[in-house]
Amino acid sequence: MGKMVADRIERFIMRRFLEEKAQEIILQRKEIADALNCAPSQISYVLSTRFSPEKGFSVESRRGLGGFIRITVIRPLVGEDNDRLTIADIDKALYNLLQEAVITQREAQFLHEAFLTIWQETEGNMRRHLMLQLQKRINQLF
Numbered sequence: 001m002g003k004m005v006a007d008r009i010e011r012f013i014m015r016r017f018l019e020e021k022a023q024e025i026i027l028q029r030k031e032i033a034d035a036l037n038c039a040p041s042q043i044s045y046v047l048s049t050r051f052s053p054e055k056g057f058s059v060e061s062r063r064g065l066g067g068f069i070r071i072t073v074i075r076p077l078v079g080e081d082n083d084r085l086t087i088a089d090i091d092k093a094l095y096n097l098l099q100e101a102v103i104t105q106r107e108a109q110f111l112h113e114a115f116l117t118i119w120q121e122t123e124g125n126m127r128r129h130l131m132l133q134l135q136k137r138i139n140q141l142f
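Under UniProt numbering, the first residue of the sequence shown carries the number 1, and numbering increases by one thereafter.
Worth flagging that the hints you see were computed from the coordinates, not collected in a lab.
Just so you know, even glycine gets a beta-carbon here, dropped at the ideal spot from N, CA and C.
Heads up, a few of these hints could be off.
Stated by the list, open to error - Restraint ranges, calculated between C-beta atoms of paired labels, are given here: (1) ARG63 / LYS136: 23 to 29 Å; (2) THR117 / TYR45: 18 to 24 Å; (3) GLN23 / GLU121: 30 to 36 Å.
Unchecked claim - Only pairs whose alpha carbons sit at most 20 Å apart, straight line, appear in this in silico DMTMM-like list of lysine to aspartate or glutamate: (4) LYS21 / ASP89; (5) LYS21 / ASP34; (6) LYS30 / GLU54; (7) LYS21 / GLU100; (8) LYS30 / GLU60; (9) LYS92 / GLU60; (10) LYS92 / ASP34; (11) LYS136 / GLU113; (12) LYS3 / GLU24.
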């Protein structure tokens, strides 16, 4: 796909986030295709490459009549500088996810224990690597 088409689709979606001032938007695939004169497959490509969990987004898509695309901004549980990250930082992030009803109390407890184990049993580059891997896998679930 031409980079320009992908760029236009990405800009269209990001503009909607700005216009709606929301952490979640719901779009119609046909709406995007008609507005930008592009194929639905091009939209799918952009969603999978530019709106992935690694890029800070969760995408839910239903095709067909009445189908929709729901794109949600997800906040990473941990940042890039994990040497300065504390368990209190993790618990604060888990609490926010719990308050937003993204996870349940039980899931928050499991995640806390997983991060705590990594925190206590590793340090330095290994801690950073494991924390980021756990974050990526969690983001793929939500």
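Tested hints:
One distance hint, 23 to 29 Å for the beta-carbon pair ARG63 and LYS136, holds here, with the actual separation near 26 Å. The hinted range of 18 to 24 Å is not satisfied by THR117 and TYR45, whose Cβ atoms lie roughly 38 Å apart. One distance hint, 30 to 36 Å for the beta-carbon pair GLN23 and GLU121, holds here, with the actual separation near 34 Å. A threshold of 20 Å between alpha carbons decides the hint, and for LYS21 with ASP89 the separation of about 26 Å lies outside it, so the pair is violated.
With a CA separation close to 23 Å, the supplied pair LYS21 and ASP34 exceeds the 20 Å bound. Between the alpha carbons of LYS30 and GLU54 the distance comes to roughly 26 Å, so the proposed pair goes past 20 Å and is violated. The straight-line distance between the Cα atoms of LYS21 and GLU100 is roughly 17 Å, inside the 20 Å bound, and the hint therefore holds. Distance check on the hinted pair: LYS30 and GLU60 sit about 16 Å apart at the alpha-carbon level, within 20 Å; holds.
A hinted pair counts as satisfied when its Cα atoms are at most 20 Å apart, and LYS92 with GLU60 does not qualify at roughly 26 Å. Note on LYS92 and ASP34: the hinted pairing is violated, with a Cα-Cα distance of about 42 Å set against a maximum of 20 Å. A C-alpha spacing of about 17 Å is found between LYS136 and GLU113, which places the hinted pair at or below 20 Å, so the restraint holds. A C-alpha spacing of about 25 Å is found between LYS3 and GLU24, which places the hinted pair above 20 Å, so the restraint is violated.
Going through the hint list in order, the structure does not satisfy hints 2, 4, 5, 6, 9, 10 and 12.
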